[in-house]
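Order-wise, the sequence lines are chains A and B.
Quick note: the first sequence uses our numbering, first residue 1, plus one each step.
Quick note: the second sequence uses our numbering, first residue 1, plus one each step.
If you're looking for bench data, these hints aren't it; they were derived computationally from the structure.
Beta carbons are placed, not taken as given, at the ideal position from N, Cα and C, and that holds for glycine.
Please note that the accuracy of each hint is not assured.
[Unchecked claim] Each pair of labels, with its calculated beta carbon distance range:
hint : chain 1 : residue 1 : chain 2 : residue 2 : range
1    : A       : Trp-264   : B       : Asn-91    : 45 to 51 Å
2    : A       : Asp-5     : B       : Asn-91    : 14 to 20 Å
3    : B       : Glu-75    : A       : Leu-116   : 21 to 27 Å
[As the list claims (entries may be wrong)] With the Cβ distance kept under 8 Å, some of the chain B side facing chain A (calculated, not the full set):
hint : residue
4    : Asp-32
5    : Trp-33
6    : Ser-53
7    : Leu-54
8    : His-55
9    : Arg-72
10   : Gly-76
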Amino acid sequence: MQLQDFEKLFQQKIDTEIKVEPKDWMPDAYRKTLVRQISQHAHSEIVGMLPEGNWISRAPSLKRKAILIAKVQDEAGHGLYLYSACETLGTSREETINDLNSGKAKYSSIFNYPTLTWADMGAIGWLVDGAAILNQVMLCRTSYGPYARAMVRICKEESFHQRQGFDILLTLCKGTDAQKAMCQDAINRWWWPSLMMFGPKDSESTNTDQSMKWKIKRKTNDELRQQFVDMCAEQVKILNMTLPDEHLKWNAQTQHYDFGEIDWSEFWNVVKGNGPCNKERLEARRKAHEDGAWVREAAAAYAEKKTSKQQSQAA
Amino acid sequence: MQLFIKKYYYGDIPDDNSGGADNITSNKNEKDWPLWEVFIRSKQGLDHKHAGSLHAADAQMAIENARDVYTRRNEGVSIWVVESKYIHASNPDDAESFYEPATDKIYRHPTFYDLPDELKHM
């Protein structure tokens, strides 16, 4: 069979909703796209622990502290599900992690923003995790089996993240004037970066939509973003807070909320490494990796010693 | 200013450098711990089912890591781990011929037999 025939068969398989599994033939570009997307997604979970880790020691109560620890632990777990899905495509774990630490690989820009107040823990849960969930629910049906299965697992756990975030904000918005102001301030700072999580507008995309054709992705950036805006515009009313967008308005014709223009220069600036925390995040990851080196070495040495002992006993 | 905006998906950011250091101090002698496949029995009476994989230095660590990664919400009552290199698998390219013997034997299914409706308990 010619390469084109393989590609045709592959597309037929995708079109008939048959999942692709690790050992199946797949076009190189499909594999490459997935490796990039899954590893970036994994890195996002791992780096995503940092802004919240910042508040574990300062959570206002033991209950909140326990919840936050559980959430951060989930994120480590989600990173690991995704790293192992990525590995099924023939990359090594070490290589993937080195790409993050060297700055070669990307992660979601949202984690390059600082967490200034406790209310940020609420806003992250509600808005950032809320935006992530919309993407992830869609990805549960992605065409690559291991990625889809990791996503199903993640989605099951993620809804607790969003609910605990909303719960934090709900508590603050019933509090003192200072607490209310803190809540509104966090929403103001996280709203636009959350909208940016969905990526550029569909109309500004120059390349053909291969990811949609391969069913890696099933909804466009704008579709997901609109869904998110519609959702949050209603939810924010329960908090008696507002979203920082004067153009936000219900449109009876489209049955959706209209909203203002995103500042794309800020978006690209953060992607390119000039966000408020890009450097700090990477340094924290690198330090953790380097500080952990002796643990990895010791565990490997111990495992080796045990194996050689077993072998000498057997002999 | 010329700005090329490529389709940017969540977790799909273009490949150029994000501003980190170009070289990373990585110990080249340091090897990945072996990969383990994890199987979990969700409750007594059910089979162990493949949950995913992880890295660990030895079996004990693999089981403990599997507990932390795959059973944070009581998903399991028993864990099996096996080093991935010991798993042998059928070849998907041969699937058609490999499973062919089963496809034309419809008489192996109970619905193949057209029996009278009066017949009960069968």
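Structure-based check of each hint:
Checking the proposed 45 to 51 Å range against Trp-264(A) and Asn-91(B) shows it holds: the Cβ atoms sit about 48 Å from each other. For the pair Asp-5(A) and Asn-91(B), the supplied restraint of 14 to 20 Å holds, since their beta-carbon distance comes to about 19 Å. As the Cβ distance of Glu-75(B) to Leu-116(A) is approximately 36 Å, the hint placing it in 21 to 27 Å is violated. Residue-level restraint check for Asp-32(B) holds (minimum Cβ-Cβ distance to chain A is 5 Å; threshold 8 Å).
Contact between Trp-33(B) and chain A, as hinted, is supported at the beta carbon level, the nearest pair being about 7 Å apart and thus within 8 Å. Satisfaction of the interface hint for Ser-53(B) is found here, the shortest Cβ-Cβ separation to chain A being roughly 4 Å, below the 8 Å cut-off. At about 6 Å, the closest approach between the beta carbon of Leu-54(B) and any beta carbon in chain A falls short of 8 Å, and the interface hint on this residue holds. Interface hint at His-55(B): satisfied, since its Cβ lies 6 Å from the closest Cβ of chain A, which is below the 8 Å cut-off.
For Arg-72(B), the suggested interface contact is upheld, since its CB lies about 6 Å from the closest CB of chain A, less than 8 Å. Because the closest C-beta pair between Gly-76(B) and chain A is about 13 Å apart, greater than 8 Å, the hint is violated.
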